[in-house]
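Asks: Sequence:
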Amino acid sequence: MIKYLGRDESGIRKVVLNLFLTGDKFTTGEVYDYLDKGNFEVSYRGVSAMVGLMNTRLGILSINVSGDHNVYSLKENYKNIVGSVLENY
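14 is the number of the first residue of the sequence shown in the working numbering; add one for each residue after it.
The set of hints was computed from the structure by calculation and includes no laboratory data. The C-beta atom is built at its ideal place from N, Cα and C for all residues, glycine as well. Fair warning: there could be bad hints in the mix.
[Stated by the list, open to error] Pairwise CB distance ranges (calculated): (1) Glu22 / Gly80: 28 to 38 Å; (2) Ser79 / Tyr102: 32 to 42 Å; (3) Asn52 / Ser79: 28 to 38 Å; (4) Asn101 / Arg70: 27 to 37 Å; (5) Ser23 / Ser79: 13 to 23 Å; (6) Ser79 / Lys16: 15 to 25 Å; (7) Asp46 / Ser75: 17 to 27 Å; (8) Asn101 / Arg58: 28 to 38 Å; (9) Gly36 / Tyr102: 11 to 21 Å; (10) Ile15 / Asp81: 29 to 39 Å.
Modelling step: build the complete structure from the supplied sequences, incorporating the hints.
Replies: Structure, rendered in structure tokens:
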């Protein structure tokens with residue numbers, strides 16, 4: 014995760030991880046809207062790819078595919094780790 018954040022020039026990854034750290038569940042669209050309001054220049058596809066990568070490569074997100082949209086949340090057992098990394102990064 015430290016290497017993943019180290020390649021983040023704009024700070025967008027840290028913002029998204031902090032968003033998931035709140036404990037809520039988010040669709041890609043909700044993450045996109047949050048970033049768009051935060052003055053990040055993002056595309057929906059880019060946000061989708063970023064969240065998908067966090068899910069598959071880092072393995073820290075849980076996904077629920079029961080509805081029309083994938084709903085992501087931070088896995089409970091990673092909250093302390095993600096919080097500690099973000100606090101010290």
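Asks: Determine for every hint whether it applies to the structure shown.
Replies: Each hint tested on the structure:
| no. | hint | verdict |
| --- | --- | --- |
| 1 | Glu22 / Gly80: 28 to 38 Å | 34 Å, holds |
| 2 | Ser79 / Tyr102: 32 to 42 Å | 33 Å, holds |
| 3 | Asn52 / Ser79: 28 to 38 Å | 33 Å, holds |
| 4 | Asn101 / Arg70: 27 to 37 Å | 21 Å, violated |
| 5 | Ser23 / Ser79: 13 to 23 Å | 32 Å, violated |
| 6 | Ser79 / Lys16: 15 to 25 Å | 33 Å, violated |
| 7 | Asp46 / Ser75: 17 to 27 Å | 21 Å, holds |
| 8 | Asn101 / Arg58: 28 to 38 Å | 31 Å, holds |
| 9 | Gly36 / Tyr102: 11 to 21 Å | 20 Å, holds |
| 10 | Ile15 / Asp81: 29 to 39 Å | 35 Å, holds |
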